[in-house]
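Novice: Please model the complete structure; the sequences and the hints are all you need to start from.
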Amino acid sequence: MGVLMLFSKISVSGKLALSSLAFTVPIAVMALFIVNGMRYDARFSEKEADGVRYLRPLVELLVRVPAFSRRAVSETSGAEDDAAGIEAAFDALDELQLGLGESLAVTAEKLADRGRMAAAPEALRAAWNTVRAAKGRESEALVAGLRQLIVHVGDYSNLILDPDLDTYYLMDVALLALPDSIGRLNAEVSAEKADDAERAIFLRLHSDIDLARIELSSRTALDEDRNFLGTDAALQSMFPGALEKYLATSRRLHEPGAGTGSVYERSVEACIRSSLEYWVATADSLERLLRTRVRAQESRLLTASIAAAVATAFAYLVVLVIARNLLTQIKALRVRVSAIASKDLRMAEASDSQDELGATAKDLAVLTTGLNWSLSAFRDAVKKMEGSSVEVSTSSARMSESSGELASTIEQIAATLVESEELMGSIRRSVERQIDAVERTTDSLDESGKSLRTVVLSMDGLRAMATESDSAAAAGSASVRGLIERSESLGEKSRALAFRIERIKDASIAIGAMAETISDVAQRTELLAMNASIEAAHAGASGKGFAVVAASIRELASSTSNALESIREGTDSIDATVSEAVATSRETGDISRGLGKNTADAKAALERITATTGQIIRGMDEAAEAVRDYERRSAAILSDAVALKDFSGTIRSAVAEQESGSKETMNSIRLLRENSLRNAESSESLARLSVALKASSRELDAVIGQYVLEDSR
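When the letters of the sequence shown are read in order and numbered with this note's numbering, they come out as residues -17 to 695.
Honestly, I wouldn't trust all of these hints.
In silico BS3-like links for lysine-lysine, alpha-carbon gap of 30 angstroms or less [to be verified]: (1) Lys(-3) x Lys432; (2) Lys325 x Lys(-9); (3) Lys325 x Lys676; (4) Lys676 x Lys365; (5) Lys313 x Lys344; (6) Lys325 x Lys366; (7) Lys29 x Lys(-3); (8) Lys313 x Lys325; (9) Lys344 x Lys(-9); (10) Lys344 x Lys325; (11) Lys313 x Lys(-9); (12) Lys344 x Lys(-3); (13) Lys366 x Lys676; (14) Lys29 x Lys92; (15) Lys487 x Lys432.
Honestly, the hints are just simulated from the structure, not real lab data.
Specialist: Following this line, the structure appears as structure tokens:
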């Protein structure tokens, strides 16, 4: 966060400079690595060339030391010349050691690391002094030290790692093949006389290994020369001649007649001298190619450095141009934004730039235009809002008056509904009383039905008794003998008949009482129906349903009264018949009692008994029929009473629904009253709001007046 705050304090130009620097650092690091790599390649090749220079005196010593040893031991001429040449070679080696010994790792420490202390230049010179003092003897150690130093220089001068094929094959000839061949030639010429078989082996090795390797590597180097840095004219013109000369001299060693005595030794020595000459030619060519490579690498390094510098300069120039363009556009944007911040919304000149900043400037111009239009429209809207606030104030006053009128109307409706609710309660109570009366009527009719069924059963018993009496009378006509017994039996049955007739009379009286009760219920039902009609008339339109119900109740009460009148007539008939049956029964009793006094009149009495019994049977049949008719009418009345009970339940449900509707209507009126009060409060709030709105519109007009708009120039 601290770094971000620090960057937020830097100017845009400073940020652009930091961005350029941020890209410059990795580019510089990458360029540094590239340059260092190219310099490393150049130093690599320079070190190879230094190694070739360092090898020159070593190879010359490798040739001259064995020659000196042979001449000094054999005391032939030329030993002093060889010694002078060896001294000159050591002087050259000392000079090279001073300049190149450290870079080529020819130091005591590096030689000791490789176990090559005998190859140190000081040790080689000491060994040479020993050989010279011994007149050519003990030269093997010096030659071995020279070979070690040649290998050491090849390792540390990068020659053994040469990357190009043309110089690699020349290195193979100069560092490996020719020194090995020279060493074997010196060993051959310095050795004691060998037999023909050993000489043949040497010649075969020299021909098939040394000469073949040297020729192949040399010709490969010539062939590969054109593939690396172009063809070297000196190499192609001079090196083939030196190669042919070397091959010609070396092949004479293998000619017939060159393999015996002094001729063979001179041929070997000539081959050694030719090897040295060819080594010098190879070293010259190798060093020249390495120097050419170094120059090419340095040229590439210089070209790369110049190109990098030019590219960097061009990049900075492009960055500078871009930065100036960006800063110019940012400055213009800042000026425009500052003008907008100072409430100047007048149009500015459009930017010609096609980049993001140009698009931002165009968007800012569009925004300014939109703000101009919006604020102008807003100013007009504010003016309209001020006029609208007056209209709102007027409307709120009218709304307040309307709310007052609505509240008064609602109060009237509420009072009417309260009266209607009380009326519905009265109707409900009347219906409840009517339902109770109908239930009592139903219970009475049910009890009456049970009594009628008892009467019917008693009638059946009376008829059976009358029939039995009639049979007894008929039997009395056939046999007077049993008159007394029969008369006694008749007396008993007459008494039983009288008892049952009394029961029928009691049942008839009970039916009459029930009929009176039902009549009373019917009258009260008619009164309730009249009350319901009156209440329905008071209820107006909402009581029309109750008027229909009241009419139905009156019709039901009327039909009930008619049925009761029929029942009353039936019971009166039953009473008359029963009274007559009672009288007849009493008369039969009297007759049966007089039967014992006057048996002479038995026949006449029996006839009267038979006639009376027939009348009783007919009277019982008529009474039974009347009772059955009454039972049917009672069942009809009971059915009507049940229907009246159900209809009364319907009326009660309708009254309950009407009361529920009245309550809901009352709740709605209550909500309407509350809403009217809230409307009144809202109208007052709206009036206050209109006043505040008018004040706010004036304030907004004053705020908009602070802006400099396009149409206010």
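Novice: For each hint, tell me whether it holds in the structure or not.
Specialist: Checked hints:
1. Of the pairs offered as hints, the one joining Lys(-3) and Lys432 is violated, with about 119 angstroms between alpha carbons and a cut-off of 30 angstroms exceeded.
2. Straight-line distance between C-alpha atoms of Lys325 and Lys(-9) comes to about 26 angstroms, which keeps the hinted pair within the 30 angstroms bound.
3. Straight-line distance between C-alpha atoms of Lys325 and Lys676 comes to about 25 angstroms, which keeps the hinted pair within the 30 angstroms bound.
4. With a C-alpha separation of about 9 angstroms, the suggested pair Lys676 and Lys365 falls inside the 30 angstroms cut-off, and the hint holds.
5. Our distance criterion of 30 angstroms between C-alpha atoms is met by Lys313 and Lys344, whose separation comes to about 15 angstroms.
6. Distance restraint check for Lys325 and Lys366: the Cα-Cα separation of roughly 24 angstroms lies within the 30 angstroms cut-off, and the hinted pair is therefore satisfied.
7. Note on Lys29 and Lys(-3): the hinted pairing is violated, with a Cα-Cα distance of about 47 angstroms set against a maximum of 30 angstroms.
8. Pair hint Lys313 plus Lys325 holds up; C-alpha atoms about 19 angstroms apart against a cutoff of 30 angstroms.
9. Between the alpha carbons of Lys344 and Lys(-9) the distance comes to roughly 27 angstroms, so the proposed pair stays at or under 30 angstroms and holds.
10. Distance check on the hinted pair: Lys344 and Lys325 sit about 19 angstroms apart at the alpha-carbon level, within 30 angstroms; holds.
11. A threshold of 30 angstroms between alpha carbons decides the hint, and for Lys313 with Lys(-9) the separation of about 17 angstroms falls inside it, so the pair holds.
12. With a C-alpha separation of about 25 angstroms, the suggested pair Lys344 and Lys(-3) falls inside the 30 angstroms cut-off, and the hint holds.
13. Between the alpha carbons of Lys366 and Lys676 the distance comes to roughly 10 angstroms, so the proposed pair stays at or under 30 angstroms and holds.
14. For the given pair, Lys29 sits about 17 angstroms from Lys92 by alpha-carbon distance, which is consistent with the 30 angstroms threshold.
15. Taken as a hint, the Lys487 and Lys432 pair is honoured in the structure, with Cα atoms around 16 angstroms apart against an allowance of 30 angstroms.
Checked against the numbered hints given earlier, this structure breaks hints 1, 7; the rest are met.
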